[in-house]
Structures are given as structure tokens and as C-alpha cells.
Amino acid sequence: MHAMILAGGLSHERDVSIRSGRRVHDALRGSLDRVSLQDVDTELIPSLRFGGVDVVWPLLHGASGEDGSLQALLELVGVPYVGTTSKSARVAWNKAVAKAVLGRSGISTPDYVTLPQSLFREVGAEHVLDLIVARFELPVVVKPARGGSALGISVVHKREDLARAMVHCFAYGDTALVERAVEGIEVAMSVLGTGDDARALPGVEVVVDGEYDYDARYNPGRCEYFAPARLTDEQSRIASETALLVHRTMDLRDVSRVDMILDSEGRAQVIDINVAPGMTETSLLPQAAEAAGLDLPTVYRELVETAAARGPVTAT
Amino acid sequence: MTEPTPTPREGTRLDPWYGSYAQRAHQMRASEIRALFAVASRPEVVSLAGGMPFIGGLPLEELGEMTRRIIVEQGEVALQYGSGQGDESLREKILDVMALEGIQAHPDDVVVTTGSQQALDLVTTVFIDPGDVIVAEAPSYVGALGVFRAHEADVVHVPMDAEGLIPEALEQTLARLKAAGKRVKFLYTVPNFHNPGGVTLTLERRPRILEICASYGVLVLEDNPYGLLGFDRDPLPAMRSMSPEGVIYLGSFSKTFAPGYRVGWAVAPHAVREKLVLASEAAILSPSNASQMAIATYLEHFDWQGQIKKFQVQYRERRDAMISSLGEHIPEASWNVPDGGFYVWVKLPEGLDAKSMLPRAVTARVAYVAGSAFYIDGSGTDHMRLSYCFPTPDRIREGVRRLATVVDSELETVRIFGNPGGAREGTVDFPAPDIF
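If you read the sequences in order, they're chains A and B. Going left to right, the first sequence walks through residues 1 to 316 as the UniProt record's numbering numbers them. Going left to right, the second sequence walks through residues 1 to 436 as the UniProt record's numbering numbers them.
Bound-form chain A, shown alone (with noise of 0.2 Å):
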């Protein structure tokens, strides 16, 4: 079997990507007949069609990568690949419109509003950052609507820092998502699967010391993971079947990450929905599957078969 990993691609995420493309790919390596690690350039088409691809898994992370364009693309050349479909994918990026999905599945996500730039324009920028200090008080997280690996968040605690977080949000994209900033426990749930059969993996609790941003992320140090996390029996049912809920209600596919806080309630607040989750030295899924105690080439090869044996996404 050729398994094809896609990794780089053009956007803002392109290094996280390379990383965990890389990572997957050395992990296969010795186990299928043949892997080969493909950037998203004019080389991708024909090496799909005439390269003897027999599944794909595209591990961009980004626009194109997560906003369900490259599914399309895998999808109209008719190749079988490793993960959600380009519609459930299309759902999930957009931040605002999953919290809507979720939400009507009853599923907690922190108070959140979405504002494009030109509103900011069109009313006052003043005004508005007033609004959402007095709607949801302080501290509130400031990230862009679509993206990921923690590129363009801030965490804002005092009034006079909304602004530049604002404009540090926009260099990222278009629309700001200002939500709520959750105090609780921070937890990664990976999910592996699709449909009745996934499995919630064992979480993976982050603790940060100082702000979660991407040198946080992506440095070892600033971060302490617990893998498995800290939770009582009652805290992990929760965050397990939370994880599982928005996997099957986002109709995610093969392998998810939903990012959540376990809040001083009980209740688990969605924070992210991840339909490629980073598989770096430093990520949180290959964490999770260590501390389930599975053997992550294998796991990376049952996901690669399973993908395979299921074929191409027909035409809806």
C-alpha cells in the first residue's frame, strides 16, 4: 500500500505542518509498502493520479488544510483519505458556526461573539471594545474565527490591551472570535474513530505558566501536560463523552481533537474543534494515545487502513 502524507502548504501554519507530517511519516515508514510525504504544490495533483496513491492523510493545518478545501480536492480526484469529510470539515473551521452546531446539541462552549473588522470600522471601534467588556467582563480570549496552532490569540485581562490584541487577531484573517475566558481545568481530548465506533482517548491537561500563546505552545517548558489529566472518575466520564458527543455531532471523521475546560460547574466548555490535530514531538494526541498505552505507529496505520479499505467519498 502507498500511503501519501500531505504536510506544508501555504499557510500561516506551514511549520507546525512540516512537523507533524514528518512525524507520521517516520512512523509509517517500515510498516506500509511505501510512504511519501508530498507538499501542496502543482507536484500534488499528478502524483495523485499517477503516482499510485492508494489513501491519502492530509496533515495540513490551516486554511486549505482544515476549511475542507483539500477534502474537496482528495474528493474530486476520487483518492481515499484519513479523515473528517470536506463538509463536516467546512462546519468545524468556521469557529462561530460550530459553536451553533454544538450549542444545539446542547454542548457548553464559553459566551462568544464573532466581529468582522469592517464592523469595527463601520461603528467605532471604542464602542464596540466597550461592548464586550461590559457583555462579558475580563479576561476574554481574542483569536481569529478560523485558524489554529495558537498563531493570533491573545489572552486580554486589562481594558487598554483590547485593542492591540484586536489588530494582532486581524493580521491572522478577517473576523475576530472574543469569547469568554474560562477558568477550570484546560483538557485535550482526542478522539479516534468514526460514528459509534470512536474512542475518546485519556486527556491531556495543559498548564501554562503565563499566557497560552504560541512560544508556550510550541517551546517544551512553558507548558506542563498531564497525560493522563487530573480529573476525578465524574470529571473524565465528562470530558470523554463530551469529546465523543462533538465528534459525532460534527460528523468527524477517523481522528479529532476537542480542546475543552472543565469548569468550577461540573460542566465541560468546548473551546476547539481540531479535524487535523498537530502530531509534533510536542502535540497533544500523540500524548494521549502514549498514556492509553498504544503503539502510535500502529495506531497511524490501523487509521491509514481503515481510510483505505472505506474508499473515496462519493459525490452527495
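Simulated from the structure, these hints should not be mistaken for lab results. Since we're looking at a predicted model, the values are computed, not measured. Positions of the beta carbon are idealized from the N, C-alpha and C atoms, including for glycine. Be aware that a few hints might be false.
[What the hints assert, rightly or not] Pair ranges (Cβ atoms, derived):
no., chain 1, residue 1, chain 2, residue 2, range
1, A, H157, B, E412, 19 to 29 Å
2, B, R24, A, H157, 46 to 56 Å
3, A, L296, B, D96, 49 to 59 Å
4, A, H157, B, A169, 32 to 42 Å
5, B, R24, A, D41, 34 to 44 Å
6, B, F302, A, F50, 39 to 49 Å
7, A, A134, B, I55, 52 to 62 Å
8, A, D41, B, D232, 40 to 50 Å
9, A, H157, B, D377, 20 to 30 Å
10, B, S334, A, E160, 26 to 36 Å
11, B, A22, A, G103, 45 to 55 Å
12, B, T67, A, F50, 29 to 39 Å
Knowing the structure of chain A, use the given hints to seat chain B on it.
Only chain B this time, still in chain A's reference frame:
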């Protein structure tokens, strides 16, 4: 199906040696900015970031044959360890290169290094204890700041103007530091076609700077990778030529020939040179014989001065493309017009922050280096460095056109939010090597 709850264990910081690092290593961290540069290597992106010379302008076929002959005919020397001070025949030829800038020296005065970057590291190792002061231009070469930071030096910037480092400002700074009881070990300066400032220290100012440093007992570290790459006139005399005992001179083949060989050199007063050789042997044993022999052969058998003239013509054409595009597309910014070297130092319109604007630039498929990389404290975010050395003139024009759209949209954001003060402070960028 849900996994049974396993027993919690202790936390991990994903690095078992986290508690063992030297204090200085904790600030060596991959930054958001560095991650963004991953995109700059893609052909879709016009990179105005890298200080990479135009290697395509070299006679690659002939150099290939030269390399083949070195290995086939002298391989037993080329692939063996060499002298810690460097190959003597290369050191002799380096004298010919330096003579173009008025430096008289003996081959024994020259220490060959793995790029002048290693010479920077050696000089800093030999002179700097943690907390010692290094005075440097504002802005200053990012690679030097990295070395100084790693040695825990206290870097104090001194402003420049269109004529280079300002003598009065230098004198005031040295007087202030002396009054504060600070020990200044050396002045670090790039006098010709400054990186990133693009300016050249005038002939008139050179003796004045040397006098001021001598009167305060401060050594001068003259870093000169670009001196032979002037567009309109012969090179100015090196500061070393005016004060052999007060100046350590650093030279490089990286910008005038090819950085891939990693060959540079230092010329230092006798006693200093001895220490540099010992420090270099401790660090790397010896520089690469194969690289040194390639450079010596190139200097012996190729028209290296003719090649430099070709580079001058090519770089001037690229500079002209950049300057005319800036005038056409981003007239609200301001910049110098360098008469040599690789860089234009651009001051952004009021309120813009080059560092926080970079993600937008990456989206628009253009890259530059934010000014903050060139200040020890991460200030200078109102500037950016644009390099014209590597892209073709057409690509430069396209890159500046894209940059103009980025500036426009960032201006729009700043108009909406006022001037909120730019990117968060307190983070230090470690740029990738190809931007130097």
C-alpha cells in the same frame, strides 16, 4: 466506547532536560515570527527577507570542475584536518582582498574562520564576561546580536544617520557608561553598506570614531562583509587600515563569493590573534580544508574581482528596481537609497508595526524582516529590512506591489483601532539562518 480512567501520573514539560539548561538557553525559543518564515521558502512567496547573495550569477560549471579537481588531485589534504589558524596560502591571498580597502597585514595576522559569524563568536568569547557592555549601532546586525545575547553581554545601541554612526552620540554614550561605572569592551560596527541600515560611515567620520574609542580604551570590532560591493565608487579605507592596534577586522567571502563554503576571517592585533586561534581550536579544531582550498583556488585562477564587478552591476539593477517600486507603490513610507550592499531600511507609515503586520504579509505572499530583529530589546518595530540581493528585478517589483497592499490593509486596521502600540513586547526572535 470510553477508555477506563488510568491512574494520574506526574506532569511533563516534554523535555527531560528542561531543568538542566543554562539560564541563557531558556531564551532560545522558536517564535511565532520564525514559524511564519516557513512559508517564505515557497516559490509563490517573494522573499525580500533573506540576505542571500545571487549565487546564480557565479560560473557554477567551472566551479564544479574546480571542486572535482581539488578532491581528485589534492583530496588527501582537502579532506583531512587542517591548521587551527587556517591554510597559509589562503591567508596570503586574503591579504590581496584586504589590500583593496587599504589594509596592510602579514599572513600570520589572519585567522581563518567558519564564516565571519564564527569570528564574531570568537571575539565575543575572548572579550565578554556576562554583563560586559558592547556598544553597537542602532539598528545592528541580527546575527551579531544573537552572539552577544548568547554571551550575556549588555548591548547599548548608538544612533546612526545618513553618514553612519554619529561620533557625538558615541562619545556621549561612552561618557555616560563610564560615569555609570560600566566597562565597555568593544564597539561593534558594520561601516560599509550597513546591515540593516544600508548606510556607510563616511571617510571623515572614521578617524573620529577611532579617536573616541581609543580615548575611552574601547576596542573596535569592524565587521565588513559588504565593503567591496559598492555601486558607484572605489571602497573606502577600512578602519583597520587607520588603526591596526585598535581594531579587530572581520572579513567574509559569503557576500562577495558564496556563503556555502562558510569561510571568513579575522585580523587582530598580535596578542588578540593568539587567543582567537586558541579559542577557535577549542571550538572547531580547524576550519574546513576543502572550503579553504576551494576559495584559495578561486582567488588564484578565477577573475574574482571581475565577478565582484558583475555582482555590483546586478545588485545595482535590483536596488534600482526596489527603490523605484517603493516610490511608486508605498510613497507614504520612507527609506534610504544604499549605494552598495544588499539592504534598504524602510520606515513604515505612522502607527504601523512591522512585526504584527507579518502574518498579513505572509498571506499576501511576500516576506521581509521586521525591524525589531535588529535591536537588542526588540524595539524598532516601525521599520522593516528589505533585501534586494536575491530576487530578480521583476520579482522585486511584484514583492513591493504586494507589500503595498499589506501596508494599506494594516493602515486600515490601525485607523480603526488607533495606534495600540504594536506587537507584544518581551519576546525575542531567533530568525532562521537564511535571513542573515
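Going down the list of hints, with the structure as the test:
1. The given range of 19 to 29 Å is respected by H157 (chain A) and E412 (chain B), whose C-beta atoms sit roughly 27 Å from each other.
2. For the pair R24 (chain B) and H157 (chain A), the beta carbons lie near 29 Å from each other, so the given range of 46 to 56 Å is not met.
3. Restraint check, L296 (chain A) to D96 (chain B): a C-beta distance of roughly 58 Å satisfies the suggested window 49 to 59 Å.
4. For H157 (chain A) and A169 (chain B), the hinted distance range of 32 to 42 Å is satisfied, since their beta carbons lie about 39 Å from each other.
5. A C-beta distance of roughly 39 Å is found between R24 (chain B) and D41 (chain A), which places it inside the suggested range of 34 to 44 Å.
6. As the Cβ distance of F302 (chain B) to F50 (chain A) is approximately 44 Å, the hint placing it in 39 to 49 Å holds.
7. Range check, A134 (chain A) to I55 (chain B): about 58 Å between beta-carbon atoms, so the 52 to 62 Å window is met.
8. Taken as a hint, the range 40 to 50 Å holds for the pair D41 (chain A) and D232 (chain B), whose Cβ atoms sit roughly 41 Å apart.
9. For the pair H157 (chain A) and D377 (chain B), the beta carbons lie near 23 Å from each other, so the given range of 20 to 30 Å is met.
10. For S334 (chain B) paired with E160 (chain A), a C-beta distance near 29 Å keeps the hint of 26 to 36 Å intact.
11. Hint check: A22 (chain B) to G103 (chain A), Cβ distance near 49 Å, so the stated range 45 to 55 Å holds.
12. The given range of 29 to 39 Å is respected by T67 (chain B) and F50 (chain A), whose C-beta atoms sit roughly 37 Å from each other.
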